[in-house]
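Asker: Protein chains in written order, with the working numbering: chain R, 1 to 350; chain X, 351 to 622.
Quick caveat, the hints were computed from the structure, so don't treat them as lab data.
All figures in this text were calculated on a predicted structure; none of them were measured in a lab.
Think of the CB as a built atom: it goes at the ideal place given N, C-alpha and C, for glycine as much as any other residue.
Do not rely on the hints blindly, as some may be mistaken.
[To be verified] Straight-line C-alpha distance at most 25 Å; calculated BS3-like pairs for lysine-lysine: (1) R:Lys30 to R:Lys234; (2) X:Lys385 to R:Lys156; (3) R:Lys135 to R:Lys30; (4) R:Lys38 to R:Lys299; (5) R:Lys92 to R:Lys30; (6) R:Lys156 to R:Lys135; (7) R:Lys268 to R:Lys234; (8) X:Lys532 to R:Lys135; (9) R:Lys37 to X:Lys532; (10) X:Lys532 to R:Lys92; (11) X:Lys385 to R:Lys96; (12) X:Lys362 to R:Lys92.
[Said to hold, decoys possible] If we take Cβ atoms under 7 Å as the criterion, some of the chain X residues that face chain R in the derived model are: (13) Ser376; (14) Ala380; (15) Ile387; (16) Arg389; (17) Asn390; (18) Leu391; (19) Ala417; (20) Gly419; (21) Asp457; (22) Arg460; (23) Ser461; (24) Met464; (25) Arg617; (26) Arg618.
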Amino acid sequence: MKHNIFLQDNRLLDSSEIRTPLSEDTIVVKGLRKSFKKLTVLEGVDFSVRRGTVMALLGPNGAGKTTTIRILSTLLLPDGGQALINGFDVVKEADKVRSVIGLTGQNAALDEYLTGEENLRMIGRLYRLSYPDIKQRSRELLELFDLVEASGRTVKTYSGGMRRRLDLAVSLIASPPVIFLDEPTTGLDPRSRLIMWDIIEQLVAAGTTILLTTQDMDEADRLADRIVVIDGGKIIAEGNSDELKQRIGSERLEITIAKTSSLEAARKAIGEEDDDDVHFDLKRRTFSLAARGGVSQLKQVLSRLEEASVAVENVSFHSPTLDDVFLTFTGHAATKQPSEEAEKFGEMVQ
Amino acid sequence: MSKSTSFIANVKPEKHSRLYWVLSDSWVLARRSVKHITRNLDQLLAVGLFPIMFFLLFRYVFGGAIATGDVSYVNFLVAGILVQMLAFGANYTTLNLAIDLQRGIVDRFRSLPMASPTLLVGHVWADLVRNSMSWMIVLGVSFLVGFQPIAGPVEWLLVFGLALLFSLAISWLSAIMGLIVKSMEAAQWTGFIVIFPLTFVSSAFVPTDTMPAELRVFAENQPLTHVIQAMRAWLVGTPIGNSDWLAFAWCVGIIVVAIPIATWLFRRQALR
Numbered sequence: 001m002k003h004n005i006f007l008q009d010n011r012l013l014d015s016s017e018i019r020t021p022l023s024e025d026t027i028v029v030k031g032l033r034k035s036f037k038k039l040t041v042l043e044g045v046d047f048s049v050r051r052g053t054v055m056a057l058l059g060p061n062g063a064g065k066t067t068t069i070r071i072l073s074t075l076l077l078p079d080g081g082q083a084l085i086n087g088f089d090v091v092k093e094a095d096k097v098r099s100v101i102g103l104t105g106q107n108a109a110l111d112e113y114l115t116g117e118e119n120l121r122m123i124g125r126l127y128r129l130s131y132p133d134i135k136q137r138s139r140e141l142l143e144l145f146d147l148v149e150a151s152g153r154t155v156k157t158y159s160g161g162m163r164r165r166l167d168l169a170v171s172l173i174a175s176p177p178v179i180f181l182d183e184p185t186t187g188l189d190p191r192s193r194l195i196m197w198d199i200i201e202q203l204v205a206a207g208t209t210i211l212l213t214t215q216d217m218d219e220a221d222r223l224a225d226r227i228v229v230i231d232g233g234k235i236i237a238e239g240n241s242d243e244l245k246q247r248i249g250s251e252r253l254e255i256t257i258a259k260t261s262s263l264e265a266a267r268k269a270i271g272e273e274d275d276d277d278v279h280f281d282l283k284r285r286t287f288s289l290a291a292r293g294g295v296s297q298l299k300q301v302l303s304r305l306e307e308a309s310v311a312v313e314n315v316s317f318h319s320p321t322l323d324d325v326f327l328t329f330t331g332h333a334a335t336k337q338p339s340e341e342a343e344k345f346g347e348m349v350q
Numbered sequence: 351m352s353k354s355t356s357f358i359a360n361v362k363p364e365k366h367s368r369l370y371w372v373l374s375d376s377w378v379l380a381r382r383s384v385k386h387i388t389r390n391l392d393q394l395l396a397v398g399l400f401p402i403m404f405f406l407l408f409r410y411v412f413g414g415a416i417a418t419g420d421v422s423y424v425n426f427l428v429a430g431i432l433v434q435m436l437a438f439g440a441n442y443t444t445l446n447l448a449i450d451l452q453r454g455i456v457d458r459f460r461s462l463p464m465a466s467p468t469l470l471v472g473h474v475w476a477d478l479v480r481n482s483m484s485w486m487i488v489l490g491v492s493f494l495v496g497f498q499p500i501a502g503p504v505e506w507l508l509v510f511g512l513a514l515l516f517s518l519a520i521s522w523l524s525a526i527m528g529l530i531v532k533s534m535e536a537a538q539w540t541g542f543i544v545i546f547p548l549t550f551v552s553s554a555f556v557p558t559d560t561m562p563a564e565l566r567v568f569a570e571n572q573p574l575t576h577v578i579q580a581m582r583a584w585l586v587g588t589p590i591g592n593s594d595w596l597a598f599a600w601c602v603g604i605i606v607v608a609i610p611i612a613t614w615l616f617r618r619q620a621l622r
């Protein structure tokens, strides 16, 4: 199996090199490092985002996703390395960076006591827009985000989905060419999530460059042109979702055993067959392994399990998901809600 | 969702001088904070009721037992209660700043091409408006319970001028506290820890003569006492001593020192 899709380049380019239009990269990050006291959060992160594309930073809680976004949006100083937005250095030219970015953080950055429209207008003016522009943009955005009716109410009365929409609308008031979205759909109901996804897709279609963070495989799969998998402050894989999935084999064989008590026996039996890259999900009592040998592999595995007298409940083939990608590269599962896990399982059995 | 083109519009920032934008940002954030006053009913109630309660408490419960010489107690009390009210009112800057810092909105401000320390100006300005409202309420009540000032127009102007200046000074100190405290709970009690001793160990409610020597030295030389003495002198004609110019000097001094410190703290916090 090929284990290096991309070449990690840890050299620091000097700024004159980056300023030249050698690339279409809107965001360039080189060797970014950050620690808080003794805790190292970023250990030399490199990536770049092409103009007009979406890059997803995918990783579990504490992987360094939010820290990366905070450094890129000038809220935090890095300890080392360099980051350029539209060619501007986030440390030395923070003011210029600020005029080309929009930030939607994990917590809705809205004023609770102002109305939706007042929030938009306030931020519009702080972005230095003229009053006529502010007026027109606020109306447009309220309409686009389906917030016209709520525009005169204070944000305190808004639902979670409405807040998130308003938050994104506020980030868009000055039409910044670069948008950072820190977990844009965490905590949203499925309908609000689809609306957010739709908006993000439209933004990209209109030429915006987006860097988003997510713990959600489906989200990265659906939205991102490129995915950077980050864990423990390091990039552990990078590519588009197809490339990442290819790295763990074209298909996966999943075997669900009937009883948790036969787990050890099953692990032994399957482990002998194919010891690299076997994942086990305790909740679902399911082993998953790369399907390489087709029917003969299936036969072999099943007979081994029979020899070990492990009762098998279900067998299926499925295309690798980003969950598998995650397991393969990090050795642990991405954070997921148990209920979601169960839902997925339900879908798979069918 | 309708057509995608409207998500992105061709809008350009206006071009003005740096000073213009600092003033503009201050104005935008001041308007924000002032709107909070009317939309946050709990705070509004506290602003109106707290000083009245204190006033009536001292006027009728403690007042009879406190000897103030030639001046009636209600005449003695008004300057003290007005200054105490300004000092407590400034705690809203600490509190509201701590609230802003805990929620995401300060991150938003800091990611904008604005002069983000003007957020402090917004809160201080709202204090000024809030304090002016409470002042009017308390002055109104004071006339109802027998306050008889002898101040002429010049004295009244001096009283109001000093009140505004003192409010500014103490609000900037509160801004510093708001930037230092780690939680909203701490923001609430800093008011009591700092403001209570300052207002009670002063000539706000009692003449300082009866205090123990050490306390008296502090009480007679701390800034609040000078502000109170000056106002009392202008309002009801008690002896003023050096308090008039000392009061102004203290206030200006505090403002001149506190603004750069608060701005520095705000910027430093931004990058941690």
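Asker: Against each hint, give a clear statement of whether it holds in the structure.
Answerer: Evaluated hints:
The suggested pairing of R:Lys30 with R:Lys234 holds, with an alpha-carbon distance near 12 Å, which does not exceed 25 Å. Straight-line distance between C-alpha atoms of X:Lys385 and R:Lys156 comes to about 14 Å, which keeps the hinted pair within the 25 Å bound. For the given pair, R:Lys135 sits about 39 Å from R:Lys30 by alpha-carbon distance, which is inconsistent with the 25 Å threshold. With a CA separation close to 52 Å, the supplied pair R:Lys38 and R:Lys299 exceeds the 25 Å bound.
For a cut-off of 25 Å, the pair hint linking R:Lys92 to R:Lys30 stands: about 15 Å separates their Cα positions. Only pairs whose Cα atoms come within 25 Å are accepted, and R:Lys156 paired with R:Lys135 is accepted, the gap being roughly 22 Å. With a C-alpha separation of about 32 Å, the suggested pair R:Lys268 and R:Lys234 falls outside the 25 Å cut-off, and the hint is violated. Taken as a hint, the X:Lys532 and R:Lys135 pair is broken in the structure, with Cα atoms around 37 Å apart against an allowance of 25 Å.
For the proposed pair R:Lys37 and X:Lys532, the alpha carbon gap of about 18 Å is at most 25 Å, so the pair holds. Only pairs whose Cα atoms come within 25 Å are accepted, and X:Lys532 paired with R:Lys92 is rejected, the gap being roughly 29 Å. For the hint pairing X:Lys385 with R:Lys96, the CA-to-CA distance comes to about 30 Å; that exceeds 25 Å, so the pair is violated. Note on X:Lys362 and R:Lys92: the hinted pairing holds, with a Cα-Cα distance of about 23 Å set against a maximum of 25 Å.
Taking 7 Å as the C-beta contact cut-off toward chain R, the hint placing X:Ser376 at the interface is violated, the least distance being around 11 Å. Taken as an interface hint, X:Ala380 does not check out: its beta carbon lies about 11 Å from the nearest beta carbon of chain R, beyond 7 Å. For X:Ile387, the suggested interface contact is broken, since its CB lies about 9 Å from the closest CB of chain R, more than 7 Å. The closest approach between the C-beta of X:Arg389 and any C-beta of chain R is roughly 4 Å, which is under the 7 Å cut-off, so the hint is satisfied.
At about 6 Å, the closest approach between the beta carbon of X:Asn390 and any beta carbon in chain R falls short of 7 Å, and the interface hint on this residue holds. Below 7 Å, beta-carbon pairs count as interface contacts, and X:Leu391 has none with chain R, the closest being about 10 Å; its hint is therefore violated. Annotation: X:Ala417 was flagged as interfacial toward chain R, and the flag is violated, the nearest CB pair being 46 Å apart, outside 7 Å. The restraint placing X:Gly419 at the interface with chain R is violated, with a minimum CB-CB distance near 47 Å, outside the 7 Å limit.
Nearest Cβ of chain R to the Cβ of X:Asp457: about 6 Å, under the 7 Å cut. The hint holds. A least Cβ separation of about 6 Å between X:Arg460 and chain R falls short of the 7 Å threshold, and the interface hint therefore holds. For the restraint placing X:Ser461 at the interface with chain R, the shortest Cβ-Cβ distance is roughly 4 Å, inside the 7 Å limit, so the hint holds. Taken as an interface hint, X:Met464 checks out: its beta carbon lies about 4 Å from the nearest beta carbon of chain R, inside 7 Å.
The beta carbon of X:Arg617 comes no nearer than 11 Å to any beta carbon in chain R, farther than 7 Å, and the hint placing it at the interface is violated. For X:Arg618, the shortest C-beta to C-beta distance to chain R is roughly 11 Å, which exceeds 7 Å, and the interface hint is violated.
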